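K.L.:
Sequence:
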Amino acid sequence: MNRFKTSKFKNTTPKIAKKDGWITNVRAGSFSCQGSRIKASSKLVAFNTEQAGGGMLGLSSVKPGSDGQWTVTQISCHSDLVSDMDFSPFDESLLATCSGDETVKLWRLCDPELQQPSSPELTLRPGQGKLELVLFHPTSSGLLAVGATKSPLIWDTCRQDTPLAVLEQHGDQLQSLSWKRDGSLLASSSKDKMLRVFDPRAQLTPVQSAKSLQNNKDSRILWAKDDLLVTTGFDMMRSREARLWDSRKLSSSVSSTSLGISSGMVIPLFDDDTGLLILAGMGDSVVDCFEVSASEPFFTQVSHCLTDTSTRGVAMVPKAALDVLSCEVTRVLQLTDSCIVPISYQVPRKHSSQEFHEDLYPDTAGTTPAMSAEEWWKGGNKRVEKVSLCPDKLPKPKAAPAKKKELPSGGNQEDPARGCSTSSSPLSTPSSSAAPSRSPSSTSGLSSGFLPSPSQNAKAIQSLLGPTSKFRHIQGAVTHRDTHITNLRGLNLTTPGESDGFCVNRQRVAVPLNISGGQIAICERSQPGRLPDTAMPTIQNSVNVVDLAWDPFDVHQLAVAGDDAKIRVWQVPKGGLKEILTEYEVLLQGHTEKIYSIEFHPLASGLLASSSYDLTVRLWNLENGEQVKLLTGHEDQIFCLAWSPDGKLLATLCKDGKVRIYDPRKSTAPVQEGPGPEGHRGARAVWVCEGKYLLVSGFDSRSERNLYLYSADSVSSGAIANANIDTSPSTLIPFYDPDTSLVFLTAKGDTRVHIYEIVPEDPYFLDCSNFNSSEPHKGFAFLPKSECNVRDVEITVGLMLTKSTIEPVAFKVPRVKKEFFQDDVYPETAVCWEPALTAAAWLSGSNGQHKKISLKPKDMTPVSEAPKEAPVRKYLPSSVYLEEKTDEQKKEELLSAMVAKLGNRDDPLPQDSFEGVDEDEWDD
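Numbering of the sequence shown is given in the numbering used here, commencing with residue 20 and proceeding in unit increments.
Calculated from the structure, these hints are not laboratory results.
All of these numbers come straight from a predicted model, not from anything done at the bench.
Here are the simulated lysine to any residue pairs, SDA-like style, with alpha carbons at most 25 Å apart:
no.: 1; residue 1: K613; residue 2: T651
no.: 2; residue 1: K38; residue 2: S329
no.: 3; residue 1: K199; residue 2: V406
Simulated restraints on C-beta separations:
no.: 4; residue 1: E315; residue 2: Q222; range: 33 to 39 Å
no.: 5; residue 1: D719; residue 2: P381; range: 49 to 55 Å
no.: 6; residue 1: A313; residue 2: S823; range: 55 to 61 Å
We treat Cβ as the ideally placed atom computed from N, Cα and C, and that holds for glycine.
Using the sequences provided together with the hints, build the complete structure.
P.N.:
Here is the structure:
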């Protein structure tokens, strides 16, 4: 009898989740790449998004939260399109990504509700050009197959410098890779119509190959059972098809099945336990399911599922996440343009409810690696130990302590700022850490799997993790919509990289418009809401705006640098613009070429610095409109200007790779000069720690964004510390809060604000929680400290410019006793909105400093003076629980319980709950 007539999966039924079970708030985009658009572990699902040009991934959970809803967040991964991704089969939180930026990155992800890591645990740079594919090994920890444009690479992540093997170059673009289930062989398909099977440990050339594909368009290869391979692609008539191959003989296929005519490639997914093959066409609204056999008829169609939306990608959920008591044998996640749709495949059984059917669930591969990458490379052929999916046989989870973001987790350090784990050994897993031979990267300490006991006190944990910031749990949130300025139109989004793009003060916002005549919109912060559709009054600068800045001591005075090498100073009337402003107050001219940037002096009124393409920095006295200083020494483009907090020194960063410190009143040449960032895309600087250090954001030689910290007394010695941030083409713009020593960094076009506490000793950078916006912003500027709501523990407030709105973002420190003034986070603050001296006094050699005031409202008591509360005992003394009861006490308790139960006469009898059965269930 044909085995398919009696197959236990012949009636497998796909069930599309109801719409309230869909993962929404997804923006998948329609990128062209060879890899997966979506991948799932038993816990998380990652997918491509259209944000940041495809360089960001969306992240959600496989199961909804306690409220029945899914949380969707984003993580910035690469500076180019994420072309492929894969979860480790041994660690549900470890994700590998690759990209057109020529890197492979490993990310240790968290629950979507928590802050995701801002940087990868490991970055590999194969140097093979654009990368298309990445795939974890099925049996060995720390082993990856990476697909460059034409060559597969085998990489042991513990040996980060070079790959283990670079396999034979293909004749055309590599389109797919697949490991055999036992991890011994690697199969590939490519645009040259070739199928290849490699044994990477034996030879770099294929052990089997054949030019067997009929069409070079979008082929995919997948290892099925034993020696069988499945390919999807197109035949000579451009009809889609699936073929079955014997990997030992690739000259001709074993069988094939037609999938109809359509232009989108077919994505195959295979379940080794059931033999079910899922086929979904890109752009289609159909998901087919076949059962694959090693004997005829080879392909047997099980179901033909019509979906509500078109497919952008599909992923199979691991077995550990299935509802086995409902006879769910596999689950597919369909990625669409705006949501992720779960499709559950269930085998109908008469007594399926809350019953485990062993015939549907053979033992499946577990999550403990069989060996390390080093053992595999030396010839090991161990298989992953199989485990049962029966709920009664699953190991009982150990009681876990309450979640605390600052506590470590497993063999990894849990980042206190992010609330998720980071690891010094990126591929160490909870399962493998217990076996010393599992990973060649195992070392002592955290990477070897050391797990601090939950009972350790805070000091012990502190010594383990190192210093942490008291602001690590800072929370950034967009304020209520009533505070937004909306309906902004015609924004100028092409201001130079040396400009912040817009500027703010306590009363108003200045935004350049993309309108002829260099027009600037002035928005009053006291008048939020929707701007009129009609033309609004503007400043007409007459030439294109390259940079602009509010006078820190005059909320009405705006300096604007134009591309005609002139600076115009405008006076905005009280109450804001009521009509077009065409007459400037002061004209500053002296530069011979276009201006880069302008910067007001932090202490002296009416003193402005400017840099230009003529490679000079000039100081201007706005009181008389005259140039007062001319600084030289630059050999290339000047990226930025930064005054020291005491106003004595001026720092510059230049494209010639130098950091320069000027004392303008003593010399026109730099008094210090040292090496700056290696990258030449751009850089910014800000003075920190009371002016003792200079913080520089820039790019390294690999175009990755970095922070560099210089001692202000010895710039020539180079940076004393640096921190890698991420990979992105835009220059990070820093804002420093001297009261908390927090630096906020973001760039035009970013969705994330990175936050660090800067300390004057090792490790110098203390990571804090980041702020993420739903869409890329066009600029970010911060307000003076006086604008913070101390009653809500706001430590700074920024304004975020989007393509049509200006939205306030409040950064708060979570505190319990908000009724008290938090004097530990609010020291006396400088009155930076009032000048300490005049420009003339400063030029004559005088120095000054801002007076300081307390931000404490009169009706609030400092938290340091709050009455001490007596500690409340949460639990009874152990003696209560350990007290031995007498036999009489035990008898009395037992009798009381029996009487109470018998006394409830309303309880139904057991037989009242019996249900009938079908007639055919009775024995004849």
